[in-house]
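Asker: Once you have looked at the hints, place chain B on chain A.
Heads up: the protein sequence lines correspond to chains A and B, in order.
Read in order, the letters of the first sequence are residues 29 to 151 in this note's numbering.
Read in order, the letters of the second sequence are residues 26 to 139 in this note's numbering.
Hint data in this document are derived by calculation from the structure and do not stem from the laboratory.
Heads up, some of the hints might be wrong.
[What the hints assert, rightly or not] Below, a list of computed lysine-lysine pairs in the DSSO-like style, where the Cα atoms sit at most 27 Å apart:
id, chain 1, residue 1, chain 2, residue 2
1, B, K61, B, K139
2, B, K135, B, K49
3, B, K76, B, K49
4, B, K139, A, K71
5, B, K70, A, K104
6, B, K135, A, K71
7, A, K71, B, K76
8, B, K49, A, K71
[Stated by the list, open to error] Negatives, chain B to chain A, calculated, CB over 10 Å:
id, residue
9, L40
10, S98
11, T103
Quick caveat: nothing in here was measured; it's all calculated off a predicted structure.
All residues carry an ideal CB built from backbone N, CA and C; glycine is no exception.
If you want the building blocks of each chain, they are given just below.
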Amino acid sequence: EVQLLESGGGLVQPGGSLRLSCAASGFPFISYAMTWVRQAPGKGLEWVSSVSGGVGTTYYADSVKGRFTISRDNSKSTLYLQMSSLRAEDSALYYCARQLSVGTTTRALLGYWGQGNLVTVSS
Amino acid sequence: DIVMTQSPDSLAVSLGERATINCKSSQTILYSSNSKNHLAWYQHKPGQPPKLLIYWASTRESGVPDRFSGSGSGTDFTLTISSLQAEDVAVYYCQQYYTTPPWTFGQGTKVEIK
Numbered sequence: 029e030v031q032l033l034e035s036g037g038g039l040v041q042p043g044g045s046l047r048l049s050c051a052a053s054g055f056p057f058i059s060y061a062m063t064w065v066r067q068a069p070g071k072g073l074e075w076v077s078s079v080s081g082g083v084g085t086t087y088y089a090d091s092v093k094g095r096f097t098i099s100r101d102n103s104k105s106t107l108y109l110q111m112s113s114l115r116a117e118d119s120a121l122y123y124c125a126r127q128l129s130v131g132t133t134t135r136a137l138l139g140y141w142g143q144g145n146l147v148t149v150s151s
Numbered sequence: 026d027i028v029m030t031q032s033p034d035s036l037a038v039s040l041g042e043r044a045t046i047n048c049k050s051s052q053t054i055l056y057s058s059n060s061k062n063h064l065a066w067y068q069h070k071p072g073q074p075p076k077l078l079i080y081w082a083s084t085r086e087s088g089v090p091d092r093f094s095g096s097g098s099g100t101d102f103t104l105t106i107s108s109l110q111a112e113d114v115a116v117y118y119c120q121q122y123y124t125t126p127p128w129t130f131g132q133g134t135k136v137e138i139k
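Looking at chain A on its own, in the form it has when it is part of the complex (with noise of 0.2 Å):
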């Protein structure tokens, strides 16, 4: 069974910083594009982030380049997002997303989703 818990999350002042992780099981990892998805307060989903499997080519959003890195270590099967100079406007729930199946056509199809974790940006 596909399983993935988003940690990290919590209060964070105005230009701090804050590291997300999603623990994968249950797949390999390595193989899969994952991705992050945030829904802030009252608003729609937004894509935010990409890692495609393998090499690990990275995407991003105009609103976090410069600002947020992904990464992935496949020996942990764990997911990352490196949050830095942090703005109220990123205050959202941020999701942890696998891609339904492996291939490069399709590494933003997300077919499995974490439980979300909290971020909120805030003095």
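Answerer: Showing chain B alone in chain A's frame:
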């Protein structure tokens, strides 16, 4: 960037009636190399993560009831719930997963019971 626009923003449908949600992309998401539309539909209920319903515009994910169907091609797509059930109350999102990022979602459509 490809912009995804859903309509309506919300709709109220009687139990057992049909619900139709539209999604329009700002450019085609029909990929010539595989002749597939890179369009997915997700259902999002409060307190739960989003759930994949439909991909390749019309392929139902395993375990999804057959009252859910997707159609369309190119830039115009539709999600239909043929007979609305109480458990279908949710926000529905379309998303394009075309060749290069950003991979964008529509703004969401809230479905309620009339």
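Asker: Hint numbers the structure violates, sorted upward?
Answerer: 1 and 5
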